[in-house]
Amino acid sequence: MSLLIIIIATVLVNNFVLSYFLGICPFLGVSGKASSAIGMGFAVTFVMTLTAAITWLIKYEILIPFHLPFLEYVS
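Take 386 as the starting number for the sequence shown in our numbering and just add one per residue.
One should not assume that every hint holds.
Said to hold, decoys possible - For each label pair, taking beta carbons as the anchor points, the in silico distance ranges come out as:
1) T440 x T395: 15 to 23 Å
2) I392 x M433: 16 to 24 Å
3) K444 x K418: 33 to 41 Å
4) A419 x S387: 36 to 44 Å
5) A438 x I391: 37 to 45 Å
6) P454 x A394: 19 to 27 Å
7) I392 x I443: 45 to 53 Å
8) I423 x F455: 34 to 42 Å
9) L435 x S387: 32 to 40 Å
10) Y458 x A394: 34 to 42 Å
11) Y445 x G417: 36 to 44 Å
Read the hints as simulated data drawn from the structure, not as lab findings. Glycine included, each C-beta is placed from N, C-alpha and C at the ideal position.
Whole structure, please, built from the sequences with the hints as guidance.
What follows is the structure in structure tokens.
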């Protein structure tokens, strides 16, 4: 039962696309053709991966070594 609650929370409540509407503009712009939608999907995936990597580097290479964890919310 708890696994079902975790899955529902992950899919519906903690899903950043649904909660912050990050995917609405690209979806509306390229939903007409499958090839352009696939291209936009790869572009969004690339940008999100790059952003996660940069954020990880900032946290573990700058904020934590210099004892600045309070700036984590700003960056």
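Hint check:
Distance hint check: the CB atoms of T440 and T395 are about 20 Å apart, consistent with the given range 15 to 23 Å. Separated by about 21 Å at the C-beta atoms, I392 and M433 satisfy the suggested range of 16 to 24 Å. Checking the proposed 33 to 41 Å range against K444 and K418 shows it holds: the Cβ atoms sit about 38 Å from each other. Look at A419 against S387: about 38 Å separates their beta carbons, and that is inside 36 to 44 Å.
The supplied range of 37 to 45 Å is broken by A438 and I391, whose beta-carbon atoms lie about 26 Å from each other. One distance hint, 19 to 27 Å for the beta-carbon pair P454 and A394, holds here, with the actual separation near 26 Å. For the pair I392 and I443, the supplied restraint of 45 to 53 Å is violated, since their beta-carbon distance comes to about 31 Å. A C-beta distance of roughly 41 Å is found between I423 and F455, which places it inside the suggested range of 34 to 42 Å.
Between L435 and S387 the CB atoms are about 34 Å apart, so this pair conforms to the stated range of 32 to 40 Å. At about 22 Å, the CB distance of Y458 to A394 disagrees with the hint of 34 to 42 Å. In this structure, Y445 and G417 meet the distance hint of 36 to 44 Å, their C-beta atoms being roughly 41 Å apart.
Checked against the numbered hints above, the structure breaks hints 5, 7, 10 and satisfies the rest.
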